[in-house]
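J.: Letter by letter, the chains look like this.
There are 2 protein chains.
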Amino acid sequence: MNIQRLTSLRDFYKKQLLEDTIPFWFPRSIDWEYGGYLLMRDQDGSLIDDDKAVWIQGRAAWTLSTLVNTFGKNEMWLNGAKNGIDFLNKHCFDTDGQMFFHVTRQGEGIRKRRYYFSETFAVIAHAAYAKASGDESAAQKARELFGKCLQYATNPTLLPAKFTNTRPTRAIGVPMIMMNTAQQLRETIGDERCDVWIETWIQEIEQYFVKDDIRCVMESVALDGSIIEHIDGRTLNPGHAIEGAWFILHEARYRNNDPHLIELGCKMLDYMWERGWDKEHGGILYFRDVYDKPVQEYWQDMKFWWPHNETIIATLLAYLMTGNEKYAQWHQMVHNYAYQHFHDPINGEWFGYLHRDGSLAQTAKGNLFKGPFHLPRQEWYCYKILNDFLEKENKTSAVDF
Amino acid sequence: MNIQRLTSLRDFYKKQLLEDTIPFWFPRSIDWEYGGYLLMRDQDGSLIDDDKAVWIQGRAAWTLSTLVNTFGKNEMWLNGAKNGIDFLNKHCFDTDGQMFFHVTRQGEGIRKRRYYFSETFAVIAHAAYAKASGDESAAQKARELFGKCLQYATNPTLLPAKFTNTRPTRAIGVPMIMMNTAQQLRETIGDERCDVWIETWIQEIEQYFVKDDIRCVMESVALDGSIIEHIDGRTLNPGHAIEGAWFILHEARYRNNDPHLIELGCKMLDYMWERGWDKEHGGILYFRDVYDKPVQEYWQDMKFWWPHNETIIATLLAYLMTGNEKYAQWHQMVHNYAYQHFHDPINGEWFGYLHRDGSLAQTAKGNLFKGPFHLPRQEWYCYKILNDFLEKENKTSAVDF
Chain A
1 MNIQRLTSLR
11 DFYKKQLLED
21 TIPFWFPRSI
31 DWEYGGYLLM
41 RDQDGSLIDD
51 DKAVWIQGRA
61 AWTLSTLVNT
71 FGKNEMWLNG
81 AKNGIDFLNK
91 HCFDTDGQMF
101 FHVTRQGEGI
111 RKRRYYFSET
121 FAVIAHAAYA
131 KASGDESAAQ
141 KARELFGKCL
151 QYATNPTLLP
161 AKFTNTRPTR
171 AIGVPMIMMN
181 TAQQLRETIG
191 DERCDVWIET
201 WIQEIEQYFV
211 KDDIRCVMES
221 VALDGSIIEH
231 IDGRTLNPGH
241 AIEGAWFILH
251 EARYRNNDPH
261 LIELGCKMLD
271 YMWERGWDKE
281 HGGILYFRDV
291 YDKPVQEYWQ
301 DMKFWWPHNE
311 TIIATLLAYL
321 MTGNEKYAQW
331 HQMVHNYAYQ
341 HFHDPINGEW
351 FGYLHRDGSL
361 AQTAKGNLFK
371 GPFHLPRQEW
381 YCYKILNDFL
391 EKENKTSAVD
401 F
Chain B
1 MNIQRLTSLR
11 DFYKKQLLED
21 TIPFWFPRSI
31 DWEYGGYLLM
41 RDQDGSLIDD
51 DKAVWIQGRA
61 AWTLSTLVNT
71 FGKNEMWLNG
81 AKNGIDFLNK
91 HCFDTDGQMF
101 FHVTRQGEGI
111 RKRRYYFSET
121 FAVIAHAAYA
131 KASGDESAAQ
141 KARELFGKCL
151 QYATNPTLLP
161 AKFTNTRPTR
171 AIGVPMIMMN
181 TAQQLRETIG
191 DERCDVWIET
201 WIQEIEQYFV
211 KDDIRCVMES
221 VALDGSIIEH
231 IDGRTLNPGH
241 AIEGAWFILH
251 EARYRNNDPH
261 LIELGCKMLD
271 YMWERGWDKE
281 HGGILYFRDV
291 YDKPVQEYWQ
301 DMKFWWPHNE
311 TIIATLLAYL
321 MTGNEKYAQW
331 HQMVHNYAYQ
341 HFHDPINGEW
351 FGYLHRDGSL
361 AQTAKGNLFK
371 GPFHLPRQEW
381 YCYKILNDFL
391 EKENKTSAVD
401 F
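The listed protein sequences derive, respectively, from chains A and B. Just so you know, this note's numbering puts 24 at position 24 of the first sequence, and the rest follows in order with no gaps. Just so you know, this note's numbering puts 51 at position 51 of the second sequence, and the rest follows in order with no gaps.
Derived by calculation from the structure, the hints in this document are not laboratory data. Quantities reported herein were computed from a predicted structural model and do not represent experimental measurements. Note that CB positions come from ideal geometry on N, CA and C, so glycine has one too. Hints are supplied without guarantee of correctness; some may be wrong.
To be verified - Okay, the calculated bits of chain A under chain B, using three or more residues with CB under 8 Å as the criterion:
1. 350-357
2. 360-367
To be verified - Below 25 Å or equal to it, Euclidean Cα-Cα: the simulated DMTMM-like pairs (lysine to aspartate or glutamate) are:
3. B/K162 <-> A/E297
4. A/K162 <-> B/E297
5. A/K293 <-> B/D344
As the list claims (entries may be wrong) - Label pairs and their calculated CB-CB ranges:
6. B/E274 <-> A/D292: 35 to 41 Å
7. B/D278 <-> A/E136: 54 to 60 Å
8. B/R28 <-> A/G225: 29 to 35 Å
Make the full structure from the sequences, and use the hints.
T.: Next up, the structure:
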């Protein structure tokens, strides 16, 4: 890609973020009456449900704070972020200290889950908000909650188990979410624990989940990293593994283009592009079986919005870090597929769920799992890495002159 | 439908059951080495996974026993049924008395769930096997387990809760599964508790879930029967409600064609045919929103095999009990759709999962949730009610002579 193309891509992502994606959600979703956000919305923005999904409450507060941290102060963004942070702290923790997964508009708990993703998203929300606002208590809370996540991650018996100990497994979700949480924490308010832990999680991913012999990133494995020859154990999530790839490329960039991490991130992307890209219809398939056997989950061949966000980031980052034109091509393929099929030119934002053939399966823009996160994060992150790249190019050119 | 058509339908279902569906599964799925059945199979019958789903272990033992009870003694069926019953008793109960949901081939527990469907399917398996074999200990076990299900059904605090008490709900699944379990128990080995309980559950369904004003059967409601205006509360499962309709029509038939129950069952079928039948592509849609808003579950517009089994039964039973030609037409529509789209003429049995447009989504014939149950039950039940109807017609004609 030449400088002109990179510049126009940078401007495209910024414009989409600020003039299409964010205006779909804000300010109308900020619930000034009860706190937090009203995010479960149909294609035209009408409210489907006034319940609040705790993951998405945290993610939305992160998004608003990150806008401030990137583009400068804006009252609506900052006050909106505070509205979410306050709601999380007032209503989203159960009396036992664990966070809820799903609460009512007023903040009464409906459901907890046997995971701690509510907590990880609360960490990044508090950290980004602390940076945006300078609020030291939010920074404290981010660090405290990160400590709690570390406890959950290293001591699985703290939460009720879904499975017996008959077939112990490792899931890639744990090192991945923790790595990204630590990266966010480090790069907003700083935390001395992060670097060592990030290195540990990357080693865990490389050692146990990345299979060079079969060119694959596993979603779960036995404790020793071997493939569990049952339906669940064979199930791959290409979009998720590709998200892991760009977390690692991000780390490579943070470490001054560490060549080993560039190689690791790129091969994870390569392996899962080969397995996830739908050669017949385009787009990233949701689940695949490592040996192409049938998958249990019913929506296995649907196209969801978020794997496309992750793949747009991963291919662009891989291209900018390696200059390999293959990644520029892949980036264009997934970018074009996604903005042609998911983007809603009438009301803004993206639809979430397509059939395999690219036709629309349903119209929700927000629900228990979709909200202002993957798409704005993609547009923000791509804008940022392109802008950094172009600024550096510019400086280099200036020196050359 | 004339007698000729009804006779040919009866013969079709019997032939499909005994020459197409059952031979796909048995004898090859009977695990003589470790007990139980190996049922997770791809389209050609090859094994995907040797784990055992406890629901399906019970259902398969019920199916084999029911074949004996319907078509007479057959060593493979009877020994196969015993193999499943023994595996359930030896391996599928945890030390706390609750049944597992998922075990290994050898019978080690992998997962329990916060439901008691493993138990209800174990009841019908033991009851049908007790009738087939004359084994009094199996009859005892069926009655004992039914008592346990009654405790779970009337005292939800016995199992861990998935939700808090913020928004208490009733789910139609409880009275439905319990009604059918009681019907099976009553009609195989007899149990004095059944009639009263069945009446209670029918009243619960009629009072709380059937909404004449909006022509709808709800899947879940508030304790007072009002509609819960949130995504989950609005979600309808037409195939499930239609299954409930035929359980009630079955009861009407048991009670000498009780006119009130015929009316109730038929209107449940009417309401949910209107909401579930896909006028564009044919087939029964999986989930619908009561107000046509987006549904949370991703596979909401897919076509699954089992709602078609339930609708084939319900429309045929409604036709035979009322003579209303509308039901004969619906029966033909759903029968033709299903046998054209789900049936695998090459390897036998049905595929489980189609896209909305009727194209195949994946090839599994058996997995954690699909096995030898809904399809053989449909073919068996339709054969039986047609055979009973034709025998009665025959007698009436003989008297007329």
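J.: Is A/K162 within 25 Å of B/E297, Cα to Cα?
T.: 21 Å, holds
J.: So is the region 360-367 of chain A in contact with chain B by the C-beta rule, three or more residues under 8 Å, or is the coverage claim wrong?
T.: holds (count 5)
J.: Can you let me know if the beta-carbon spacing of B/R28 and A/G225 is within 29 to 35 Å?
T.: 33 Å, holds
J.: Holds or violated: are the alpha carbons of A/K293 and B/D344 at most 25 Å from each other?
T.: 18 Å, holds
J.: Just to make sure I understand the rule, a stretch counts as covered if three or more of its residues have a C-beta closer than 8 Å to a C-beta of the chain. Does the region 350-357 of chain A meet that for chain B?
T.: holds (count 4)
J.: Taken at face value, is the distance from the CA of A/E297 to the CA of B/K162 at most 25 Å?
T.: Holds, at roughly 21 Å.
J.: For the pair B/E274 and A/D292, does the Cβ-Cβ distance stay inside 35 to 41 Å?
T.: Since the Cβ atoms of B/E274 and A/D292 sit about 40 Å apart, the hinted range of 35 to 41 Å holds.
J.: Look at the Cβ atoms of B/D278 and A/E136 and judge whether their distance stays inside 54 to 60 Å.
T.: 57 Å, holds
No hint from the list above goes unmet by this structure.
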